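Reminder that position 97 of the sequence shown reads as 550 in my numbering, one-by-one numbering, no gaps.
Hints were generated in silico from the structure; no laboratory data involved. This one's a predicted model, so the numbers in the text were calculated from it and none came from an experiment. Just so it is clear, CB atoms sit at the ideal spot from N, CA and C, and this is done for glycine as well. Treat the hints loosely; a few may be bogus.
As the list claims (entries may be wrong) - Now the in silico label distances, taken between C-beta atoms and shown as ranges:
hint, residue 1, residue 2, range
1, Thr465, Val581, 36 to 46 Å
2, Thr464, His583, 17 to 27 Å
3, Thr519, Ser588, 12 to 22 Å
4, Val488, Asp607, 11 to 21 Å
5, Pro586, Thr470, 18 to 28 Å
6, Thr563, Ile614, 18 to 28 Å
7, Arg616, Thr519, 32 to 42 Å
8, Ala598, Asp467, 27 to 37 Å
9, Ala561, Val488, 17 to 27 Å
10, Ala561, Val477, 32 to 42 Å
11, Leu613, Gly487, 25 to 35 Å
12, Gly508, Leu613, 27 to 37 Å
13, Gln612, Val581, 23 to 33 Å
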Amino acid sequence: WSPDGQSIAFTTWDDSTGGEIYRVHVSAPGATPGVPQRLSSSKAFYEKLAFTPDGTKLLFARATRTERFESDELGFAEPSSTHADLMWMPVGCPTSKTGSAAAGGCGAATTITRLEYLSRLDPPYYGVPHFGPDSSRILLFDANANGLYSMRLDGTDRQLIARASQRPWNSNGEEPVDDA
């Protein structure tokens, strides 16, 4: 949901081509719903969507379809052990650019940082972006670096907020609970 509660961002997926990010305005009860507007400009694997507190930007993790999925001999897709890029893009489209296929999405995506996948957890994990009281900074848990970090939207000025000395959770049941 957008911070003002007026729209929802969501992803789509197609096994053969990848996915997209869309936004749809939510209308009042009984009114005609909005038409989904494509925000992404290229097909990929998108996840971990988060609006900035002012609602003007959308953060997301992106990996290419081929980086994110491998197919076995039967054609079944499984998540691969890959990393993703944490990125943002503007949410509003100019009136001349509607986000249609011909227009190519709403805006260029800007890379913030690389999200390193934590392979020791099952399923694989990388942090979900959040915002604190300073809306110009992203809060992100980096399990490989065992800490909660704050950084600007361009990925600079990375600051450790809190260090985690234990695993984030007992992911596969093979470890005793007191080790979690």
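>> Are any of the numbered hints broken by this structure? If so, which, sorted upward?
In response: 1, 3, 4, 5, 10, 11 and 13
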